[in-house]
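A.B. asks: Listed below are the residues making up each chain.
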Amino acid sequence: MAIKKIAFIVKSLPYKTEASRLALTHAIASQTVEIYLEDGDNVEPVLAFIGDGVLNCLKDQKAMNAYGVTSLEQHLKNSLLLDLKVLICKEDIGKFSLSEDSLIMDAEDIGGETKANIVPFSEIMKEMESANHLMFF
Amino acid sequence: MAIKKIAFIVKSLPYKTEASRLALTHAIASQTVEIYLEDGDNVEPVLAFIGDGVLNCLKDQKAMNAYGVTSLEQHLKNSLLLDLKVLICKEDIGKFSLSEDSLIMDAEDIGGETKANIVPFSEIMKEMESANHLMFF
Amino acid sequence: MAKLTIGVFSSLVGSLSLDFAVKLADAAVKKGHSVDFWVSGNATMLSKKEQRAFKDYSALQKTLQELMKTGNFQATACEACAEARGYHKEDTMEGFQRHSMDWYLASGFSADRVLHIGGD
Amino acid sequence: MAKLTIGVFSSLVGSLSLDFAVKLADAAVKKGHSVDFWVSGNATMLSKKEQRAFKDYSALQKTLQELMKTGNFQATACEACAEARGYHKEDTMEGFQRHSMDWYLASGFSADRVLHIGGD
Amino acid sequence: MKLGVLVSDYRNMEDTLLRLTADTLGIILVSNGVYHAKVKENGKTSPVLEKSPHLYALLEDIQTRGLENEIDGRVKSITYNDLVDLIFGEYEKVIWI
Amino acid sequence: MKLGVLVSDYRNMEDTLLRLTADTLGIILVSNGVYHAKVKENGKTSPVLEKSPHLYALLEDIQTRGLENEIDGRVKSITYNDLVDLIFGEYEKVIWI
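Chains as they are written, first to last, in my numbering: chain A, 1 to 137; chain B, 1001 to 1137; chain C, 2001 to 2120; chain D, 3001 to 3120; chain E, 4001 to 4097; chain F, 5001 to 5097.
With the rest of the complex left out, here is chain A (with noise of 0.2 Å):
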């Protein structure tokens, strides 16, 4: 019985590419991992924005009505909604001078309980270090 840390790093801007998208889906797709694996063996993700990678987390993206596809903020309820960790970082939301009210930091709309945590990068890079693997987004 083992528990694997895997930490997601989006440093990636949305859209223009799809690896913010992909960290994400990922993510979430721990949440059927168990089938691969022993019983009680599972895998624990964690998401951490960082950079330019924070300006996934603004509320209010349009991508379907614009675009037809899924925004970055539904995926990113969707993690919350399943209890995923989300980590935001603080001094990348000081340096583009960002609110937390302009950020998504709950999915209550959708009936989720966890919210999104704005942490200093220090706070990250212990994620970090206690995960098994790490993946930059």
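The hints are simulated quantities; they were obtained by calculation from the structure and are not laboratory data.
Since the model is a prediction, treat every value here as computed from it, not as a measurement.
Heads up, none of these hints are tricks.
Okay, the calculated bits of chain B under chain F, using three or more residues with CB under 8 Å as the criterion:
| id | stretch |
| --- | --- |
| 1 | 1009–1022 |
| 2 | 1055–1063 |
| 3 | 1067–1073 |
Simulated crosslink set (BS3-like; lysine-lysine; CA at most 30 Å straight-line):
| id | chain 1 | residue 1 | chain 2 | residue 2 |
| --- | --- | --- | --- | --- |
| 4 | E | K4040 | A | K126 |
| 5 | A | K62 | E | K4044 |
| 6 | A | K95 | A | K85 |
Every residue, glycine too, gets a C-beta built ideally from N, C-alpha and C.
With chain A fixed as given, assemble chains B, C, D, E and F onto it according to the hints.
C.D. replies: Coordinates of chains B, C, D, E and F only, in the frame set by chain A:
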């Protein structure tokens, strides 16, 4: 009877993506464009390397030995062999402290007579002004 | 009316640059212009037939085929770029042409504007 | 010996990241390690069968198939990413598996190291 | 030269956009280029907005990224229809960087 | 943490590599990351080379780009074989940026 000038401006580093490779192969394709055009009409390409793109012009690229793919050096020499106008930005050569010796300035070893030209950015800007169409790679 | 040649190069599927290029072509054709649409490099992915529609990806085959029906839009994929990726003639979306790279330059010759979408 | 999982994501064909990933897998297998190789996003292009060899592109099908024969290398493409690009089961290179994204995470579970090659 | 520049990215504009000269230079923010119209980095607006008085941003791309509020007042939102007219009517050449 | 970082690009290292901390941080230059080992910009060597005393660069990628001369003396050239040993032997985790 008309000649249309197309300026191919290469700003990308080689190999990681195929942007600069496609610039050179498309510029070289100007040699056969006549088959689609009326008698006397033609397309005249100009190739200019700016910014990080000047690093495409470094000599002794061993891409064929290391990875089995044609090097940008080979494509650049083919361009010179076909008498394409090739410009390399003087300011960027300076910024990267590159000597003229380290750059592909001719294709003498394969029988080419045309040489590449190191010119100030303002000259490249003039080429852009006189071109009918611009393509940034 | 005028002619616009759009060349799209790097990695399209999974990038909204794809949607941009097709939406721009659509707007231009609806205004009575004609559009030549060239895909090269990884963008030749757009020419693959039977792309399945998912909500995480734009599904553009229908729009492309409606554009082709107008007679003012032609889409052409770089033949060598396609073959290198394992897209042969039989893999190609109906109505999508395949030519060598000189086709793009020839299209530019008679175009009023060329928008070359490069990038990674 | 140890297990390495390599995940490769964005636009592979036309980029030397492809060659990097395959060469690294080859070196690891030759040293007696086992390698799981996951391609997702645009990198699913690698799984397309019958890619034609040109001097401007790396031709890796042969190396991949030799690696598969060793029994210490398995290559898997993201099924949804592939379908979205019009790569169906019959388009897939022999020996290349297709699974959903959880396969990659499960492979990471038992891997000693995971090298995730993201990028544009 | 009347040059229309479609700016599609947020980083690395120094070697390209910021060096270009033209009698009329139009900047059309598209794709991830639209972040230039909203994001302040370390309190400063993007230098891209200082490069020209002719500033546009594609509405669909603004909306997609959740940027509809607080777009810089100098930037005019345009649709794809408007963009077609700009390309044919206002500029002699267009580039995408 | 012993962290091996495969640096695959030449630009935009500020938000990632330059902020990372680890007990042992190895920097392995691959792909266009190998330019850090040679190119001086405005006379200065890359700040990436100051980040760690454990510096490697992949020989094939150096040769491909015509950089074999004048590689910074602090950087050790390695083959794919060496890289496999580094990944399993020297570092607990590896990332590609």
